[in-house]
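Peer 1: Protein sequence lines, in the order shown, are assigned to chains D, U and L. Heads up: the first sequence is residues 1 to 313, going by UniProt numbering. Heads up: the second sequence is residues 1 to 280, going by UniProt numbering. Heads up: the third sequence is residues 1 to 541, going by UniProt numbering.
The set of hints was computed from the structure by calculation and includes no laboratory data. This structure is a prediction, so every number in the text was calculated from the model and none was measured. Yeah, the Cβ is synthetic: ideal placement off N, Cα and C, and Gly gets one too. Hints are supplied without guarantee of correctness; some may be wrong.
[To be verified] Calculated Cβ distances over 12 angstroms to all of chain U for the following chain D residues: (1) Ser49; (2) Asp75; (3) Leu231.
[Claimed, not checked] Derived CB-CB ranges, DEER-like: (4) L:Arg80 to U:Phe272: 48 to 54 angstroms; (5) D:Ala9 to U:Ala160: 36 to 42 angstroms; (6) D:Ala9 to L:Arg511: 39 to 45 angstroms; (7) L:Arg80 to D:Trp122: 14 to 20 angstroms.
Each chain, written out:
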Amino acid sequence: MRVFLRRTASLLVSAVIASFVVFAFLSVLPGDPAEVVLGTNAGQAELASLRHSFGTDRPLVVQYADWAQGLLHGDFGTSYISHDPIGPRIADRFGVTCWLALGGMLVALLFALPTGVLAAAWHRRPAGAVLSALSQAGIAVPAFLAGILLVYVFAVRAGALPAGGYTPLAEDPATWARQLVLPCLSLGLVQGAVLTRYVRSAVLTVLHQDFLRTARAKGRRRRGALWRHGLPNAAVPVLTVLGLQLSTVLVGAVVVERVFVIPGLGDLLLQSVADRDLLVVQGVVIVLVVAVLVLNVVTDLLYHLVDPRLRSR
Amino acid sequence: MKARSLLGRLARRPALTAGGILVTLILALALLSLLWTPYDPTHVEAAQRLLPPGGEHLLGTDQFGRDVVSRLMTGARTTVFVGVVAVGFAVAIGVPMGVAAGMSGGPLSALLMRVSDFLLAFPALLLAIMLAAVYGTSTLTAMVAIGIASAPGFARVARAATLRVMAAEYVDAARLARRTRAAIAVRHVLPNIRDVVIVQASVAFATAVLAEAALSYLGLGTPPPTPSWGRMLLDSQELLFDKPELCLWPGLAVAAAVLGLNLLGDGLRDRFDPTLEGVR
Amino acid sequence: MSSRLLEVDGLTVDAGDRPLVRGVGFTVDRGERVGIIGESGSGKTLTALALLGLLGEGLRAGGSARLDGVPFDLLGATDRELSAVRGRLAGMVFQEPMTALNPVMKVGPQVAEALRLHGARSERPGRAAALATAVDLLDRLRLPDPARAARAYPHQLSGGQRQRAVLGGALATDPALLICDEPTTALDVTVQKEIVDLVTGVSDERGTAVLYISHDLALVASVCHRVLVMYEGEIVESGPVEQVLRRPEHPYTRALLKASDLTVPASRPAVPASRPPAPAEPRTLLKARGLTRRYARPRRALFAPRTHFTALEGLDLDLRAGGRVGVVGESGSGKTTLLRLLSGLDRPTSGTVDGPGVAGGAGGPGAAGKVAGHGLQVVFQDPMGSLDPRMRVRDIIAEPLPDRRSPAATARVAELLADVGLPAEAADRYPHQFSGGQRQRIAIARALAPRPSVLLADEPVSALDVSVRAQILDVLSKVTAEREMALCIVTHDLGVVRYLCDEVVVMKEGRVVERGPVERVWEAPGHPYTRQLLEAVPVLH
């Protein structure tokens with residue numbers, strides 16, 4: 001419980017610092033958004049009135065306070081370019097990206113857990129070496145390249161699955177699922193390859209631990225000892241990596257969205273960068289950063305739950 | 001006799017050997033491209049569009065009539081350049097911070113870990129997008145973003161290794177021998193954490209190659225006309241129906257570079273610490 | 001009683017084409033306790049592991065081993081067959097209690113594990129019943145508050161308590177054979193005595209045969225009826241304990257006996273005749289008064305008051321020229337803290353140290369004091385960790401010298417190597433090219449390099465094999481006597497103090513419980529704890 005409070009507190013502090021950094025970076029450094037909108041040879045009066053309507057003529061501290069306060073009730077401000085409120089747009093897109101990241105992580109886990117455990121259990125056999133080599137090769141393929149290859153095989157060649165696009169779940173669940181298969185696979189297989197290495201390493205480490213020998217001395221068979229004693233211990237280090245992996249998947253989704261033309265956060269982000277719509281960039285970045293921070297805290301707490309040595313402290 | 005024993009040694013360490021060969025190959029291509037490429041990699045010629053592999057152009061030409069081999073070679077240069085600068089930057093920042101934190105312990109160490117935890121929330125890609133939004137896309141922003149994002153990894157690894165060294169009795173012996181802190185850092189800490197830093201560097205380099213490819217693919221890395229593998233993938237994706245092999249070459253190049261660096265890292269780790277052989 | 005339980009014949013263990021154990025044969029009768037003695041690398045642990053099919057990967061066993069009541073040969077049986085024997089007919093206890101238990105599983109289920117693995121499925125006890133048996137067992141092994149211990153996780157127990165839990169797990173099914181692999185090596189002497197008493201007690205009571213593996217001759221002599229001596233993968237001598245100890249036949253056994261007998265004080269080299277006789281009251285080289293060291297515990301809550309742990313409280317100590325003081329204590333006694341304070345590697349919370357080059361006085365907690373340096377040097381415990389693996393021996397030894405690269409330094413290194421009995425070529429090699437004993441000689445040479453007047457030694461032989469311990473102690477004795485240095489040895493090993501020191505300081509929980517001349521304390525210990533310590537040490541004769 002104390003751990004929970006402490007982590008939550010440090011999460012809040014980190015989030016505040018992050019918002020500050022992002023604000024400083026995207027609102028202070030680039031200069032005047034009014035000039036961005038009107039161009040460099042606009043008249044002073046026009047600039048001044050636009051600045052006033054953006055609120056960028058106020059002191060920076062006030063601007064930050066205003067923005068940060070807005071964030072707390074989901075108000076991300078109004079786009080300088082499209083003049084729409086940013087919050088709803090981000091909310092829409094965030095859902096899409098979440099589906100993608102969750103699906104990717106699911107694929108990664110389904111792939112990595114059995115493969116990693118087997119690669120460790122068979123590490124002296126050719127089959128284990130093959131699994132290791134496969135995961136090593138998988139790590140070397142960037143997610144977007146995996147996406148392109150999958151599109152080539154399943155969409156271009158086989159014509160079995162759509163090459164891209166996105167339909168909301170509520171509209172047409174079947175199309176939604178079909179369209180998400182390839183993006184989730186391309187994210188998940190690559191992350192799964194990375195995760196396989198960690199699972200294999202954790203299980204291998206555990207295989208050499210004394211307590212496994214103790215368990216066998218009590219009459220456990222090799223496999224029984226691994227299941228009952230080995231895997232619960234191997235789960236501890238794997239869990240720490242999982243948090244980082246989830247963050248990587250979330251950010252990796254940004255790229256994969258581009259491959260499959262999915263209107264998620266990444267798409268919004270890249271579009272806003274191209275338009276130099278910095279307030280939107282600022283909003284998306286802070287959402288992604290806070291999501292990553294939250295994921296890390298959740299993993300950390302899980303870690304404390306699994307490992308009694310940390311719990312009692 | 002000597003050559004045979006060398007071969008034997010290489011065969012006993014397949015990961016190290018394969019990784020070393022791949023990395024050397026890519027480095028060699030990148031260096032060679034400084035002096036010579038079969039064709040001008042940026043030369044556009046409509047008459048030479050989409051030539052098939054073979055003939056005068058070994059791997060054919062792209063939709064602008066540019067020679068694929070030349071572009072791959074120059075792309076290797078971009079990759080190596082970005083990787084070396086980014087990793088160098090990360091080492092230069094991360095290692096001294098990690099060593100300082102590990103040697104002084106206490107509040108500084110805790111602060112450093114907090115900062116690096118915090119930085120982990122800003123992956124290379126997000127940093128690069130932020131930088132690109134403010135300063136526009138360039139090779140420099142990509143390098144800086146990747147460098148900043150990799151620095152915490154080095155700081156953590158260096159700190160952990162330094163803590164192990166500082167707990168060793170030979171450091172106590174050095175203090176009794178009236179070594180200064182700086183001398184302990186140089187004579188005892190650095191030589192003993194060197195191996196882990198080298199292994200981390202090869203891993204970080206692989207990550208940098210992946211990040212650079214992703215950034216170029218998103219149009220946030222090295223701007224055209226300078227060739228880069230990620231950009232080549234982006235350009236060829238639209239031709240996936242007609243000319244899938246155009247995607248294949250840069251894709252293979254990225255995969256080979258990352259695979260080589262990862263294998264090299266694994267091989268070095270096993271070599272430096274034989275007790276870890278097979279683990280990880 | 002005398003029926004045969006275990007019969008081992010021609011047992012071999014190979015790593016690839018490298019033989020590690022060669023043709024070992026022996027028998028164990030029901031209820032008999034047999035010891036296997038040997039140093040590291042002698043193959044004693046491999047022999048035991050091979051019997052239960054627990055050898056690590058890459059190791060293969062050959063030969064035959066028949067256990068009464070088992071229809072097949074233990075060597076060459078499948079994992080499935082052996083798993084029915086392990087934990088039912090034969091239990092095993094391992095060396096390192098810290099890692100022998102699963103850290104994420106409660107102790108009770110681990111003790112009860114064997115009960116729920118063996119026998120017909122319908123006859124196996126339920127979870128609750130097995131747990132109740134486990135609690136009973138822990139109670140019989142005299143674990144305080146066994147019900148609570150069963151609900152605890154391993155890290156919440158001390159080393160001795162964990163070893164009892166491991167022992168409980170091995171004894172749960174009341175096996176006919178118990179294999180103990182150095183079960184007390186990692187524990188304090190007083191705890192060792194308790195564990196050993198438990199093992200012999202259970203063995204006498206239930207008629208359990210014990211195969212007891214150890215490097216400690218005296219310990220095996222106190223536990224076992226019969227002893228096997230292993231050397232380089234072979235049994236070189238065997239017989240009843242009395243016979244092997246009194247009339248050893250093999251030269252290795254004789255050497256081992258001689259080396260482990262530290263009861264006779266080291267002979268001191270005679271003082272050269274040309275020297276003037278020593279003054280009546282030798283100079284005091286180091287004087288410590290009221291040394292106290294407290295460590296802050298981490299706060300329980302954000303604003304909770306800081307609590308402190310006192311590692312050392314109000315200690316006085318004088319080191320005189322030519323004097324040899326032994327500080328004895330078990331883990332947690334504060335003896336290592338004392339050594340760090342005396343050497344200046346750490347600063348006391350209060351109290352003073354006046355000695356060669358030491359900046360005395362209390363400093364801020366945790367602040368590293370000004371290091372004592374040249375007047376005082378330390379020989380550390382771990383000869384692996386005290387030498388920088390990346391430095392050549394010449395640079396290691398020359399490190400405390402003022403001008404490390406000078407020809408004078410090179411000459412001094414050669415001289416020091418000769419003093420500690422190492423060849424001059426050693427200077428160009430790296431630490432990993434030496435054995436443990438040789439590395440400790442290098443560490444001694446380094447400590448002597450700046451001609452210190454005070455030498456401190458932290459467990460200088462506890463990481464070494466028995467046969468080289470006496471040699472290293474002799475080197476220490478020789479070099480300090482020649483130089484009229486003050487020597488202070490911090491150790492858990494009473495034998496080392498008896499062998500080398502004139503004065504002993506007995507510590508417990510950060511305080512001195514007794515001090516005095518070694519002879520007097522051994523003959524008439526004044527404090528109950530000293531008596532307990534002395535009684536816990538197994539003796540040969």
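Peer 1: Let me make sure I understand: some of the numbered hints might not hold for this structure. Which ones are they, in numerical order?
Peer 2: Per hint list: 4 and 5 violated.
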